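Taken in order, these protein sequences are the chains called A and B. So in the working numbering, spot 33 of the first sequence is number 33, and the numbers just go up one at a time. So in the working numbering, spot 72 of the second sequence is number 72, and the numbers just go up one at a time.
Just so you know, these hints were derived from the structure itself, not from any lab. All of these numbers come straight from a predicted model, not from anything done at the bench. We put the CB at the ideal spot given by N, CA and C, even for glycine. Any given hint could be a false lead.
Derived coverage of chain B by chain A (criterion: at least 3 residues anywhere in the stretch with Cβ under 8 Å from a Cβ of chain A; other residues may be distant) [to be verified]:
#1 26-32
#2 40-46
#3 95-102
From chain B, some residues computed to sit far from chain A (all C-beta separations above 12 Å) [said to hold, decoys possible]:
#4 Q6
#5 R9
#6 K13
#7 V19
#8 Q37
#9 R73
#10 T86
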Amino acid sequence: AQSVTQLDSQVPVFEEAPVELRCNYSSSVSVYLFWYVQYPNQGLQLLLKYLSGSTLVKGINGFEAEFNKSQTSFHLRKPSVHISDTAEYFCAVRRSANFGNEKLTFGTGTRLTIIP
Amino acid sequence: DVKVTQSSRYLVKRTGEKVFLECVQDMDHENMFWYRQDPGLGLRLIYFSYDVKMKEKGDIPEGYSVSREKKERFSLILESASTNQTSMYLCASRPGGEIYEQYFGPGTRLTVT
């Protein structure tokens, strides 16, 4: 079975500073990786995904993530954050299409707070 | 735009009551999911459905059942609500094929007293 670890439950960052939210995964087979964002009182929406190809993935709102197979990581980064980025961020993993199985496993989330 | 709607944003029920949470999607998606979200635990999959009348258990199906009689609607049923089922419930849907993004509804915050 696959699993996801988000080591930081809360990350405070000053406005316009860079941020990195960490995600590590565990799986015995190839995987697809996702970052979702949940703004206050809303459902989740997809920020970006890695399926194959280039290990640097760009998403919405200026976020990007890098897939590192040797370190089993998929860290999310943004060079300059804004107040509007205040939200909870979830990393998720599923087995790649070759292995079927619909199940998406989520991490426990990282609450990003932007300090004016 | 894909829209996933959930019947209630907030719900308060008493212990032992039968509770229905409804989810409707308007994009003809094959796959639908129910998750519960708890602080410090992230999202955990309760059940999912990949076709009408088809369902599969997720990680935490105990105390829950589901129904999918029509493609657009996926219901989560708590046969006898308990206080440990107080949580945020999120519904999601996904098209078939090689589109892996799940589209989420706004959630239902259920309180069982």
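So, going through the hints one by one against the coordinates:
no.	hint	verdict
1	26-32	violated (count 1)
2	40-46	holds (count 6)
3	95-102	holds (count 4)
4	Q6	violated, 9 Å
5	R9	violated, 8 Å
6	K13	holds, 21 Å
7	V19	holds, 20 Å
8	Q37	violated, 9 Å
9	R73	holds, 17 Å
10	T86	holds, 18 Å
Consistency with the previously given hints fails for numbers 1, 4, 5 and 8, ordered from lowest to highest.
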